[in-house]
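**Q** My request is simple: use the sequences and hints to build the entire structure.
Chains as they are written, first to last, in this note's numbering: chain E, 1 to 306; chain B, 307 to 612.
It is worth saying that the hints were derived from the structure and are not from the lab.
Treat the hints with care, since some could be wrong.
[Said to hold, decoys possible] In silico EDC-like cross-links for lysine to aspartate or glutamate, where the CA-CA straight-line distance does not exceed 20 angstroms: (1) K308(B) to D399(B); (2) K550(B) to D448(B); (3) K2(E) to E26(E); (4) K308(B) to D376(B); (5) K304(E) to D508(B); (6) K610(B) to D202(E).
[Claimed, not checked] Label pairs and their in silico Cβ distance ranges: (7) R167(E) to Q611(B): 37 to 45 angstroms; (8) I445(B) to D42(E): 53 to 61 angstroms; (9) R570(B) to R68(E): 58 to 66 angstroms; (10) K550(B) to E149(E): 47 to 55 angstroms; (11) E214(E) to D448(B): 36 to 44 angstroms; (12) R208(E) to Q583(B): 17 to 25 angstroms.
Here a beta-carbon is modelled for each residue, glycine too, at the ideal position from N, C-alpha and C.
2 protein chains.
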Amino acid sequence: MKICVIGCGAVGGIFAAHLGRLPDVEVYAYDVAADHVRAINDAGLRLSGAEEFTAPIRATTDPAEIPRCDYGIVATKSIHTEAAIAAAARVFDRASAVCSVQNGAGNEEIIARYVRYVIRGTTFPAGHLIEPGHVGYDIQGDTWIGPFEPTATPMQLLRELAVTLSRSGMNTIALEDARGAQWTKLIFNAATNPVGALTGLDHGSATRFPPTGELFDALIDEGCAVAQALGIRLDQDPRVLVEKGARAPGRHRASMLQDVLARRQTEVDFMNGAIVQWGENVGVPTPLNRAMWALIKGLEESWKQK
Amino acid sequence: MKICVIGCGAVGGIFAAHLGRLPDVEVYAYDVAADHVRAINDAGLRLSGAEEFTAPIRATTDPAEIPRCDYGIVATKSIHTEAAIAAAARVFDRASAVCSVQNGAGNEEIIARYVRYVIRGTTFPAGHLIEPGHVGYDIQGDTWIGPFEPTATPMQLLRELAVTLSRSGMNTIALEDARGAQWTKLIFNAATNPVGALTGLDHGSATRFPPTGELFDALIDEGCAVAQALGIRLDQDPRVLVEKGARAPGRHRASMLQDVLARRQTEVDFMNGAIVQWGENVGVPTPLNRAMWALIKGLEESWKQK
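**A** So this is what it looks like as structure tokens:
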């Protein structure tokens, strides 16, 4: 089996390294960071943190160097989905299936413009890039996948991918309907990411500080109302994820806070922006998610002026 | 006539310098910044910008050096009102009247714990401290004063203060009910200050950028609903102040953005916090003002951690 990981940063790197240990799987990593690609090809992809190992991976900045693959795993930031899948689509054919493990909502819709079978994925493992070729594996967790409804991806493909990922050490559950898992994480992210990014508070501090902890609650209430109107049954109350994250050791900075500190465009359009958009579609007001979206867009706008 | 200006920063400095030019008024400035006090006593208080002049003022860090005054003008940041009036109260007697020209709501209540007659004031001039002894006079405008209702300050005192301020070049209007002017500015400030502080956008940019401009509108709607429930007739639509500010030349940074950049505690409790509190008192929901309050409190909290 051949698998192409598209975007081999923190989350993509965790997937690629695990898959790279399976003797019956060839892993190809497509990434735009030339120094990262060079380091991976020179010395393998190193993970440290929750697990410590180095896996031999073939990495490239040029999808033309990758053979036809059975599966794709897209792990770029949402704002780069379009460019990444446009470049990498040539790697897949009518029998391949491509799975998003990205944050937010709206990535599957983009991928489906380029490949036949798309898989809706939600993953909880998290990490950060330590240096080129070296990913910090901060948080372990499960991955949930299901068909992206409009592409009617066969369950047989989903089950094969889930078994392969689980064998590699990334426990993955294949579901007929994975929207509940995705929306649970979406609502969690749309509450915790902008508040972390705007205040500079790490996740645990923002959860425990009453004003921001109550703002998490209010944002989650709006997201749950939209999910309910869409007929999506959440996996669990997103507050459980908030509490679980707050109990984790160390000071975890939300990915959007990491983006803001590095002055990188954030994923807010795919988080709060997606909740606002879906809320409009089903007539559920989301003034607080809209406010978070507006503040993050304003912050990004301010960077253009300096 | 003797007038004590309490807090001789940007706004206090503009008042003190103007009053200092009147031959029949003795002006005393109480400020906690020793270098600023020294510079004022050495070379006078210098204004530049909208007007250029230097006025001879007596300044001190010790209220015991100030004789009994007829009027007080409190121009500290709201978070310093309590400490400042507690120290300076000895300057006033049962015939004196003390006027707040501060931002936000809630300052008069604090001042009234220390002096008999309190005046509710709202002022539009703005500036910034350039260096000790030197204030930049950025924006000219009127001042509106009225009795602080619980102290029943006689209109005769208000009129005398208004005439004196107007003669000095600070046009001041005495009103029977000055709550409309104060709430107009309060609602304007509670919209523009946190959004500027959280995004880093100057006032004009935040007004013109559609996401933040629409957030201004939504915040103003909440504030207007609270004012209406309180029976306060606003002087004008706070959006007029937003538009007027956006047309001003240069890039004006909201005072809360200046505070955040300097990592100074902000006045958010007296702005969005006051609107939330009054909203609770009259049963008007203010979720967006509460969210802005929570984010600014979270931002202040994050400074304690670094």
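**Q** It remains to establish, for every hint, whether it holds in the given structure.
**A** Here is how each hint holds up against the structure:
At roughly 12 angstroms between alpha-carbon atoms, K308(B) and D399(B) fall within 20 angstroms of each other, so this suggested pair holds. The straight-line distance between the Cα atoms of K550(B) and D448(B) is roughly 14 angstroms, inside the 20 angstroms bound, and the hint therefore holds. With a C-alpha separation of about 5 angstroms, the suggested pairing of K2(E) with E26(E) holds against the 20 angstroms cut-off. The suggested pairing of K308(B) with D376(B) holds, with an alpha-carbon distance near 5 angstroms, which does not exceed 20 angstroms.
Using a Cα cut-off of 20 angstroms, the hinted pair K304(E) and D508(B) holds, with the two alpha carbons roughly 12 angstroms apart. Only pairs whose Cα atoms come within 20 angstroms are accepted, and K610(B) paired with D202(E) is accepted, the gap being roughly 12 angstroms. The beta-carbon spacing between R167(E) and Q611(B), approximately 42 angstroms, falls within the hinted interval of 37 to 45 angstroms. One distance hint, 53 to 61 angstroms for the beta-carbon pair I445(B) and D42(E), holds here, with the actual separation near 60 angstroms.
Remark: the range hint 58 to 66 angstroms for R570(B) to R68(E) is upheld by a beta-carbon distance near 60 angstroms. At roughly 51 angstroms, the beta-carbon separation of K550(B) and E149(E) lies within the given 47 to 55 angstroms, and the hint holds. For the pair E214(E) and D448(B), the beta carbons lie near 39 angstroms from each other, so the given range of 36 to 44 angstroms is met. The hinted range of 17 to 25 angstroms is satisfied by R208(E) and Q583(B), whose Cβ atoms lie roughly 23 angstroms apart.
The structure fails none of the hints (numbered hints given earlier).
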